[in-house]
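**Q** For the protein sequence lines, the chains are V and G, in the order given.
What the first sequence shows, in our numbering, is residues 1 to 388, in sequence order.
What the second sequence shows, in our numbering, is residues 1 to 388, in sequence order.
One or more of the hints may lead you astray.
Each pair may be met inside one copy or between any two copies, as identical chains are not told apart.
Unchecked claim - Computed cross-link-like contacts, DSS-like style, restricted to lysine-lysine with a CA-CA straight-line distance of at most 30 angstroms:
| no. | residue 1 | residue 2 |
| --- | --- | --- |
| 1 | K274 | K100 |
| 2 | K254 | K60 |
| 3 | K167 | K138 |
| 4 | K84 | K323 |
| 5 | K2 | K282 |
| 6 | K387 | K111 |
The set of hints was computed from the structure by calculation and includes no laboratory data.
The primary structure of each chain is shown beneath.
2 protein chains.
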Amino acid sequence: MKIICTRENFKNAIFNSERVVSKQTTLPILNNILFETERGILKLSATNLEIGVEVKIGAKIEKEGRISIPARLLSNFVNNLPTKGAEENIFLETNEQGIKIKSGTARALIKGLPAGEFPLIPKKTSAFLIKLPGQQLKNAILQVINCAALNETRQELTGVSLLLTEKELFFAATDSFRLAEKKLEITSKNINQENYMSFIKKKSTIIIPASTLIELSRIISNNEESTVEVAIEESQIFFNINGINIISRLINGKYPEYKNIIPIEFKTRAVVEKEILQGAVKMASFFSAGKASELTLKIDPQKKESRIEARSTELGENTSELKLEATGQAQDVVFNARYLLDGINTIATSQVAILINSPFAPVALKEINEQTGEVLDSFVYIVMPIKS
Amino acid sequence: MKIICTRENFKNAIFNSERVVSKQTTLPILNNILFETERGILKLSATNLEIGVEVKIGAKIEKEGRISIPARLLSNFVNNLPTKGAEENIFLETNEQGIKIKSGTARALIKGLPAGEFPLIPKKTSAFLIKLPGQQLKNAILQVINCAALNETRQELTGVSLLLTEKELFFAATDSFRLAEKKLEITSKNINQENYMSFIKKKSTIIIPASTLIELSRIISNNEESTVEVAIEESQIFFNINGINIISRLINGKYPEYKNIIPIEFKTRAVVEKEILQGAVKMASFFSAGKASELTLKIDPQKKESRIEARSTELGENTSELKLEATGQAQDVVFNARYLLDGINTIATSQVAILINSPFAPVALKEINEQTGEVLDSFVYIVMPIKS
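Hey, can you work out the whole structure from these sequences and the hints?
**A** Following this line, the structure appears as structure tokens:
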């Protein structure tokens with residue numbers, strides 16, 4: 001292999017692929033990025049066997065070839081090239097030991113491993129089903145991802161559920177203590193009509209590993225104005241973002257029927273300034289005792305008042321009074337401070353709606369339309385009160 | 001105790017004192033800040049028994065008193081008070097359990113410990129000897145502090161040596177592998193003439209714990225336009241920065257006679273762009289083998305060229321060519337990449353002078369006057385080459 005490409009393209013390609021590279025050392029080939037020339041194009045591939053990334057960049061190819069190179073060392077080389085008055089191109093040439101790299105006044109020989117040892121990354125065999133603006137998809141991921149379980153005792157909870165319906169996509173995650181669900185509306189512009197309709201007839205829910213979506217949202221951040229195409233096959237999901245392919249396994253298993261636990265009606269509805277609620281709950285969490293770090297939220301719709309209280313025999317006690325708009329019954333509910341705070345943090349609007357039925361039933365947080373003041377239904381965070 | 005003060009003053013006082021508060025739990029009182037009223041002023045004290053901080057703020061004192069309060073909880077309370085449309089004052093009142101705090105809509109009771117249990121912080125009994133601009137002192141500290149030893153087998157090396165002479169202050173630190181020395185020139189404006197002269201006759205070098213100077217530089221950062229007054233007593237040093245007192249023990253013992261190992265003349269003098277040298281050394285460090293991470297610096301004054309090389313049988317090899325201005329003999333010196341890089345990082349000018357005698361003698365890095373191109377003598381970083 002002998003090629004020339006621009007430093008900027010090369011650097012971006014390494015940046016987009018290196019993060020899935022495994023940090024384990026039992027299989028050294030997984031620490032590598034595979035370089036392959038392919039019809040006037042240089043393709044970089046990286047995988048940790050659960051998720052794979054492929055990046056293609058334009059290059060002047062003087063001699064075709066393939067090789068796998070340690071990602072970390074290559075990235076350190078590229079990221080420390082001098083930036084002042086620098087050579088714009090990077091020259092790569094394989095020899096029997098590895099790859100020779102040259103750019104401006106810097107040269108290196110990096111030892112590699114044969115391309116043949118590199119694991120195969122599954123190829124997409126179907127057409128794309130869905131097309132979404134990158135930012136919209138990224139925001140949906142970030143709003144639900146923290147609710148996915150870290151613990152692997154229930155594999156399906158370590159993923160994000162994606163429910164596909166004719167007009168909507170529902171992203172949901174839960175660790176069984178709290179749940180977040182984000183709805184994206186789709187139109188004919190977002191889908192490959194025929195394929196999509198026949199797909200959702202056969203299968204309407206898939207479970208995507210949380211780690212895959214985290215990687216996807218990072219790559220979207222690095223490609224600001226992007227459109228993400230999604231293809232779904234039997235046990236794989238494929239994303240394409242501005243020419244970058246992400247391939248991931250899907251999680252087998254049945255996702256819990258979470259829709260049943262989201263209440264449709266509530267006895268109390270309160271609307272609070274997000275920032276003020278955030279500060280008060282955070283402050284209370286420092287005073288709350290025990291592992292569950294309990295706090296009490298009291299809402300009095302008649303007095304238009306709310307109190308957040310926490311106390312511990314050891315540390316002391318804390319009360320914050322919050323002005324709010326509320327309708328319905330008075331409430332007195334105990335929460336795990338951490339779970340409540342996580343929910344407030346995911347709210348993207350400046351006001352948050354707290355929707356309560358009783359101290360024993362799921363409580364919902366929702367967003368508020370900044371103009372009309374209406375409660376929005378596109379996102380919901382559900383948290384179970386603590387029975388005190 | 002019953003007092004009112006402004007939230008801003010109170011918050012700053014907590015910020016400046018809480019960092020020396022101990023994180024250990026064997027002596028709970030050390031996790032606390034001592035609050036004392038003193039002639040219309042509220043004084044906060046914190047100590048970890050090695051270093052103490054005292055901050056004074058104006059307050060309306062309705063009832064005098066003393067109490068000690070857990071620093072972390074207090075800081076969490078103050079830092080999470082609502083900022084929007086907030087009450088400007090904070091109300092504090094002790095009761096039998098601890099202290100009641102109120103600001104705007106937030107209230108807390110924080111349990112405390114009797115003030116009498118709080119350790120005594122030594123009182124300054126002498127006048128200030130030296131007065132320095134805060135930024136100048138902070139920069140001197142930051143340039144030498146990384147060379148102080150972390151390992152406590154030789155206690156005196158965990159400190160920074162301060163040599164006081166009639167016209168200069170020399171800050172120096174070494175872990176016996178490398179050494180940094182910064183010179184500050186002083187005039188009669190900087191010193192309490194009579195006391196200073198009699199002090200340096202008795203004692204010319206003291207050793208200040210590195211942790212004390214790190215804390216001092218942090219407090220200086222938080223008080224941008226500050227003057228720092230310094231008093232030195234038998235086994236204590238006192239700093240005053242805009243009303244904040246720092247009290248620290250000094251390290252007993254004799255600091256190594258380091259001045260002897262700083263060469264006065266050099267056979268080779270090279271001047272390089274700091275940023276380019278930094279990138280090349282950093283890049284080489286990733287290719288260098290073994291724990292010492294060796295790299296070779298070759299300087300050819302005749303060709304006006306320099307090369308930085310590193311190689312490892314496992315990873316590969318790396319070479320960077322650097323343009324430079326050099327006079328004297330050609331050199332070929334092996335360095336520990338980390339130690340060389342640390343030195344380059346502490347250089348505050350855009351160009352760096354590399355001064356070499358032989359591959360077996362101490363090498364110096366110095367700063368370059370941006371206008372005249374002269375080598376400056378106010379800072380020197382000494383690193384021993386590796387004998388290869």
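**Q** Hint by hint, note whether the structure agrees.
**A** Cross-check of the supplied hints:
1. K274 to K100: Answer is between; shortest inter-copy Cα gap is 27 angstroms, intra-copy 55 angstroms.
2. K254 to K60: Neither way: K254 and K60 sit 48 angstroms apart in one copy and 64 angstroms across, limit 30 angstroms.
3. K167 to K138: within (19 angstroms within a copy, 61 angstroms between copies)
4. K84 to K323: between (56 angstroms within a copy, 13 angstroms between copies)
5. K2 to K282: between (57 angstroms within a copy, 27 angstroms between copies)
6. K387 to K111: between (60 angstroms within a copy, 27 angstroms between copies)
In summary, the structure is inconsistent with hint 2 from the numbered list given earlier, while agreeing with all the others.
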